[in-house]
Amino acid sequence: MGNKLTKSRKKIDRPTPAVYPNQPVRPLRRSVEGNTSVVYSNFPRIVAELHHYRGSVRNLEDEDEEDEQPRRFHEEVHCCVFSPDDEALLLTSTTPIPCGPFTPDIGCGHLREFDINSGSCKRELLTYHSQECDISSDGNLVSFITNSGQGEVALVKRNRSSYAEIAERVDKFQPCCNGMTGQTLCCKFSPDARHIVSAASLDFHSMRETNELRLWNVKSMQIEARVVLRDITDFCGFVTRCEFSPDGQYLAVSTSKEQLCILRSKNLDVVTVLRRRCRGNMCWSIFNPAWRFEVLACCMQDGRVEIWNKVEVHSSAHAGELRYAREKERKVSFSRLLHCCQYSPDGKMIAVGTSDANIIMLGAETLDSLFYLECIKEPSPFGLRIQNTIVYSIAFSKSQQYVAAGYSDSMVRVWAMPMRFDLQHLCRVVILHSVPGNKINSLPVPNGIKNYLLNNYE
Numbered sequence: 081m082g083n084k085l086t087k088s089r090k091k092i093d094r095p096t097p098a099v100y101p102n103q104p105v106r107p108l109r110r111s112v113e114g115n116t117s118v119v120y121s122n123f124p125r126i127v128a129e130l131h132h133y134r135g136s137v138r139n140l141e142d143e144d145e146e147d148e149q150p151r152r153f154h155e156e157v158h159c160c161v162f163s164p165d166d167e168a169l170l171l172t173s174t175t176p177i178p179c180g181p182f183t184p185d186i187g188c189g190h191l192r193e194f195d196i197n198s199g200s201c202k203r204e205l206l207t208y209h210s211q212e213c214d215i216s217s218d219g220n221l222v223s224f225i226t227n228s229g230q231g232e233v234a235l236v237k238r239n240r241s242s243y244a245e246i247a248e249r250v251d252k253f254q255p256c257c258n259g260m261t262g263q264t265l266c267c268k269f270s271p272d273a274r275h276i277v278s279a280a281s282l283d284f285h286s287m288r289e290t291n292e293l294r295l296w297n298v299k300s301m302q303i304e305a306r307v308v309l310r311d312i313t314d315f316c317g318f319v320t321r322c323e324f325s326p327d328g329q330y331l332a333v334s335t336s337k338e339q340l341c342i343l344r345s346k347n348l349d350v351v352t353v354l355r356r357r358c359r360g361n362m363c364w365s366i367f368n369p370a371w372r373f374e375v376l377a378c379c380m381q382d383g384r385v386e387i388w389n390k391v392e393v394h395s396s397a398h399a400g401e402l403r404y405a406r407e408k409e410r411k412v413s414f415s416r417l418l419h420c421c422q423y424s425p426d427g428k429m430i431a432v433g434t435s436d437a438n439i440i441m442l443g444a445e446t447l448d449s450l451f452y453l454e455c456i457k458e459p460s461p462f463g464l465r466i467q468n469t470i471v472y473s474i475a476f477s478k479s480q481q482y483v484a485a486g487y488s489d490s491m492v493r494v495w496a497m498p499m500r501f502d503l504q505h506l507c508r509v510v511i512l513h514s515v516p517g518n519k520i521n522s523l524p525v526p527n528g529i530k531n532y533l534l535n536n537y538e
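Number 472 in our numbering belongs to position 392 of the sequence shown; there are no gaps in the numbering.
Among the hints, erroneous ones may be present.
Stated by the list, open to error - Dumping the calculated DSS-like pairs for lysine-lysine here, alpha-carbon to alpha-carbon at most 25 angstroms: (1) Lys237 x Lys268; (2) Lys530 x Lys519; (3) Lys252 x Lys268; (4) Lys337 x Lys408; (5) Lys299 x Lys268; (6) Lys299 x Lys237; (7) Lys530 x Lys428; (8) Lys411 x Lys428; (9) Lys237 x Lys252; (10) Lys337 x Lys390; (11) Lys268 x Lys390; (12) Lys268 x Lys428; (13) Lys390 x Lys428; (14) Lys299 x Lys252; (15) Lys411 x Lys337; (16) Lys408 x Lys390.
Since the hints were made in silico from the structure, they are not lab data.
None of the values given here were measured: they were computed from a predicted structure.
Put together the whole structure using the sequences plus the hints.
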């Protein structure tokens with residue numbers, strides 16, 4: 081661990097190649113009440129529901145009937161992510177449910193590793209208040225946030241030979257979040273798994289301001305770049321999401337005040353500010369994985385979704401500048417708030433999560449609604465209403481056959497997507513389940529097919 085600032089010797093604008101797993105993708109083999117045919121359906125279905133409460137590492141599906149105080153609704157699932165080499169392995173991070181008259185027990189947040197096939201929790205680590213976790217593109221490293229007064233970003237190695245897999249604690253990064261009310265907000269791997277970006281904030285009474293972004297070298301545990309956003313742009317609020325572009329050159333940073341800016345990932349210099357307005361409307365930005373950095377989407381809490389495209393600069397005075405224009409905007413929800421968004425691995429769909437436990441699947445080009453993932457349940461008079469449940473996180477599996485979503489009712493629900501009768505897609509799924517990701521570039525097929533198999537950008 082260290083806080084020494086070092087300069088990167090790499091060229092600033094060189095794309096960084098992504099790394100891939102050294103083993104084939106292990107498929108998810110999950111049936112619904114013993115009926116395996118339900119998974120392969122023309123309609124989306126829930127194939128697994130994973131409960132989150134302290135001590136869930138023992139058993140998450142068979143709750144103790146003699147327990148007088150069930151421990152279901154103590155944590156909100158703010159992040160979930162599939163392993164790139166195992167569709168049955170899911171990582172989640174949780175935060176305590178805010179204290180209220182019906183939730184006197186605040187609880188603690190955790191990082192958990194689930195085996196979806198068995199429905200069991202394989203590992204549980206105490207994090208106190210963790211809003212995000214991430215896994216490297218080769219599946220070898222896991223990062224997550226721990227907030228116990230002073231925020232930290234922890235790095236953990238995966239040991240595939242052990243049952244729990246997450247076995248060895250490597251080290252912790254210190255994102256410079258001082259004070260008892262400081263928090264670390266995000267931690268993201270770069271596509272080449274060589275860097276992690278972190279954002280830290282300080283709380284001053286009711287005002288929550290971002291302290292700084294830091295770019296860490298994973299191997300040396302040193303800082304390569306740091307920046308305080310308020311010092312370089314008209315920044316206010318706190319960071320809601322940091323997202324690397326698929327080629328690793330740029331970093332999209334969105335805020336709780338509807339602001340969106342693009343930074344150069346090597347030195348965290350501001351390249352362009354897409355939206356400077358300072359409004360009380362949270363937004364989240366994501367790059368389209370089918371492009372290097374030319375296309376990104378932004379979802380806002382008031383129900384709007386935007387598509388931004390890179391535009392050519394013809395003026396000689398501004399040659400070489402990176403600029404974006406809003407290509408399309410649509411209000412996809414009028415009565416519900418949006419809380420998260422995620423592109424599918426092939427970049428053809430955008431999933432957005434709402435405040436009433438629904439997930440809206442949109443076409444990436446038109447923003448038309450394709451279908452909905454709806455949790456329809458009878459409300460319990462003594463429990464939380466599913467209609468008031470927030471979707472905080474969405475993750476696609478590598479083959480796009482499954483979608484996992486983290487909810488505010490202490491649940492992760494795994495959905496089987498509608499069956500795609502597409503020969504290309506079916507062949508791609510079979511190859512991913514048979515050939516390691518780092519060997520696909522060695523296959524005797526055209527480069528276009530290799531890019532399609534790996535979901536590489538154009």
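Here is how each hint holds up against the structure:
1. Lys237 x Lys268: Status holds; Cα separation ~15 angstroms.
2. Lys530 x Lys519: 10 angstroms, holds
3. Lys252 x Lys268: 14 angstroms, holds
4. Lys337 x Lys408: 21 angstroms, holds
5. Lys299 x Lys268: 15 angstroms, holds
6. Lys299 x Lys237: Cα-Cα ~12 angstroms, so holds.
7. Lys530 x Lys428: 18 angstroms, holds
8. Lys411 x Lys428: Judged against 25 angstroms, a Cα distance of about 19 angstroms means the pair holds.
9. Lys237 x Lys252: 12 angstroms, holds
10. Lys337 x Lys390: 23 angstroms, holds
11. Lys268 x Lys390: This hinted pair holds, its Cα atoms lying about 23 angstroms apart.
12. Lys268 x Lys428: Within the cut-off at roughly 23 angstroms; holds.
13. Lys390 x Lys428: 18 angstroms, holds
14. Lys299 x Lys252: 12 angstroms, holds
15. Lys411 x Lys337: With a Cα-Cα distance of about 18 angstroms, the restraint between lysine 411 and lysine 337 holds, given a limit of 25 angstroms.
16. Lys408 x Lys390: Given that 25 angstroms is the threshold and the Cα spacing comes to 13 angstroms, the pair holds.
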